[in-house]
Structure formats: structure tokens, C-alpha cells
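S.K.: One letter stands for each residue in the lines below.
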Amino acid sequence: MERVPVLKIGDILLVSIQIDMEDQVALQLQEDLADRIVSTGCHGVIIDISALDIVDSFVGRTLATIASISRVLDAETVVVGMRPAVAITLVELGLSLPGIRTALNVELGMDLLARQRAEEYGDEDDEDEDEADTPAVTAS
Amino acid sequence: MSDEGKQLEIVSDQDVVRVRQLVRTVSVAVKLSLVDQTKLVTAASELARNTLVYGGGGSAEVATVNNGRRQGIRIVFADQGPGIADLDLALTDGYTTGGGLGLGLSGARRLVDEFDIVTDVGQGTTITITKWCR
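Going line by line, the protein sequences match chains A and B.
Be aware that the first sequence starts at 1, since it is given in UniProt numbering, and climbs by one per residue.
Be aware that the second sequence starts at 1, since it is given in UniProt numbering, and climbs by one per residue.
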């Protein structure tokens, strides 16, 4: 059985689906990604589907499941590169991929993840400052 | 009027991929638009999977057709499985007995120009879809 490779780039796992996946390959990818998120501690997953000429309900459901699993494992998923004809067909099929973030290409997907992460860190920084302030007040 | 079709057995995951690829090749040959190719291949993928998962395997026959004015593609999916007891329910968005999204049958019907289904409990299911060139 073929396998879809999962590449680690900094804090992001990049998956570029280049083959017409059998259903079992899609399920294997779901497991591989969950394992890699835990083993690497990455906080972002980008799935590039620009090479896919169709996304049917099975692949659509797999993408949604991957996004949900990632979220539970503290990683955000962005699906990038969907072809226009695929988008039209998916919506007509009745799948609008709720809960999945999308971007037009890998670069914009990385920007999106970086922005989100920066916002989260921004919040944590504020908390750190509060904690730092408290002992200072107590000391005086 | 129709050309002699090409028949594929559907007994495994790989066969679903083969059906998609054959439908894609024929769609390009009869010059369906890119969006229509995508819709037909997607519909074929849904129905081929249904044939495998619910029908216990079967076959797909892909043929080009001509109604005198337009060219098109006709695909017949046939299985000898348990059949569908309540067709109206099976064609409802979101209804599934197999743990899927319940969009395969209803979604596939929306993606093609003609959709015909013959089924009976214990008699298997035959679904015929047609997509015409614009």
C-alpha cells in the first residue's frame, strides 16, 4: 500500500497528497499524522490538496476528521490548494467542510498558522506579565 | 445509441480508484468541461464505493452515448447485494447505514444529469448515471 509522506518544517507538519488515494491510504494518513503530531509536538498541520482532481465525501470526511484529531492534540489544520472545480463539486455534493480552515496555497497556509500562533503567544505573554507584576507588588 | 462500454469489476479499494481513472479518461475524450469532469468523476467515486461497501462488490460499465444532438457518458453500477429497502430514505441527505456522511447517493444524484436506480430487497442494486456535454 502506498503511503502519503508527512514532512516536518519548523513547527509545522506538511502533507502534500500527490496520489489518487485508496480509502485505506487516507485512513493510514489519519493515523500517521496523529502519531507525528504527538512525537514532534508540532502545532500546525498543512494539507496540500492541489494535486487532487477530486475530493469525494470519503476524502472530505477524512480531512474533517484529521482537523478534529489535530485540534484535540493541540495542533491547527489548514487545507490548502483546493482547485476551483473541486470546490464547486464539493459544495454541490453537500460537503462544505465545516470546521476546516483553508488557504489558497502553502505559503498563505503557513502565514495563517503563524498569525494564529502569534496571537496565542501574545495572550500567554500578557499572563506572564501579570504573574511577574504580582510578586513585585508584594515585595514592595 | 452508444459505443460498446468498458466494464470494471469492483471488489476492492483499488478498483474504486480504477473506476475514477477510467471515468476521467473517458470524460476527457468526450470533451466534458473541467467542472463537469470533476462532478462526474466524484459521482462515480461515490457510487463505486457504495457498490463495494453496501453492495458487497459488483461492477461498473462506462460507455459513451449520443442522443443525436449531444455526446455524453453513461455509467452503470451493478451489484448483487442486499438491495435498498427504503429508496426515498436512502436518497435523503445525511441518511446512512454504513457510518458515512450519507451524501454518497443523494450527492451523486445532484452531480449528474440523469440518475436512475433499480433496486429491490435481495435483488441487488443497479444505478445508471448520465452526464451530457454542454
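Worth flagging that the hints you see were computed from the coordinates, not collected in a lab.
Heads up, some of the hints might be wrong.
[What the hints assert, rightly or not] Think about it this way: if two alpha-carbon atoms lie no more than 25 Å apart in a straight line, the pair counts; the simulated SDA-like pairs of lysine to any residue are:
#1 B:Lys31 with A:Ile19
#2 B:Lys31 with A:Leu52
#3 B:Lys6 with A:Ala87
#4 B:Lys6 with A:Arg83
#5 B:Lys6 with A:Lys8
#6 B:Lys31 with A:Glu107
#7 B:Lys6 with A:Pro84
#8 B:Lys31 with A:Arg83
#9 B:Lys6 with A:His43
#10 A:Lys8 with A:Ala118
#11 B:Lys31 with A:Thr40
#12 B:Lys6 with A:Asp23
#13 B:Lys31 with A:Met82
#14 B:Lys31 with A:Val106
#15 B:Lys31 with A:Glu92
#16 B:Lys31 with A:Lys8
#17 B:Lys6 with A:Ile88
#18 B:Lys6 with B:Thr126
#19 B:Lys31 with A:Ala118
#20 B:Lys31 with A:Asp23
In this text, all values refer to a predicted model and were calculated from it rather than measured experimentally.
S.K.: All hints are to be evaluated individually against the structure, with a verdict given for each.
M.R.: Now the hints, each set against the structure:
Annotation: proposed proximity of B:Lys31 to A:Ile19 holds, straight-line Cα distance about 24 Å (limit 25 Å). Among the hinted pairs, B:Lys31 with A:Leu52 is consistent with the structure: their alpha-carbon atoms are about 20 Å apart, no more than 25 Å. As the CA atoms of B:Lys6 and A:Ala87 are separated by approximately 29 Å, the hinted pair breaks the 25 Å bound. A C-alpha spacing of about 29 Å is found between B:Lys6 and A:Arg83, which places the hinted pair above 25 Å, so the restraint is violated.
With a C-alpha separation of about 43 Å, the suggested pairing of B:Lys6 with A:Lys8 is violated against the 25 Å cut-off. Only pairs whose Cα atoms come within 25 Å are accepted, and B:Lys31 paired with A:Glu107 is rejected, the gap being roughly 34 Å. Annotation: proposed proximity of B:Lys6 to A:Pro84 is violated, straight-line Cα distance about 30 Å (limit 25 Å). This hinted pair checks out: B:Lys31 and A:Arg83 have alpha carbons roughly 19 Å apart, not beyond 25 Å.
For the given pair, B:Lys6 sits about 47 Å from A:His43 by alpha-carbon distance, which is inconsistent with the 25 Å threshold. As the CA atoms of A:Lys8 and A:Ala118 are separated by approximately 19 Å, the hinted pair is consistent with the 25 Å bound. This hinted pair does not check out: B:Lys31 and A:Thr40 have alpha carbons roughly 47 Å apart, beyond 25 Å. Under the criterion of a C-alpha separation no larger than 25 Å, the hint pairing B:Lys6 with A:Asp23 is consistent with the structure, at around 23 Å.
Proximity of B:Lys31 to A:Met82 is assessed by CA-CA distance (about 22 Å); at most 25 Å being required, the pair is judged to hold. In summary, the hint linking B:Lys31 to A:Val106 is not supported, as the alpha carbons are separated by about 31 Å, beyond the 25 Å threshold. This hinted pair checks out: B:Lys31 and A:Glu92 have alpha carbons roughly 21 Å apart, not beyond 25 Å. For the suggested pair B:Lys31 and A:Lys8, the alpha carbons sit about 40 Å apart, so the restraint of at most 25 Å is broken.
Distance hint between B:Lys6 and A:Ile88 is unfulfilled; the C-alpha atoms sit about 28 Å from each other, more than 25 Å. A distance of roughly 16 Å separates the Cα atoms of B:Lys6 and B:Thr126; the hinted pair therefore holds under the 25 Å criterion. For a cut-off of 25 Å, the pair hint linking B:Lys31 to A:Ala118 is broken: about 48 Å separates their Cα positions. Note on B:Lys31 and A:Asp23: the hinted pairing is violated, with a Cα-Cα distance of about 28 Å set against a maximum of 25 Å.
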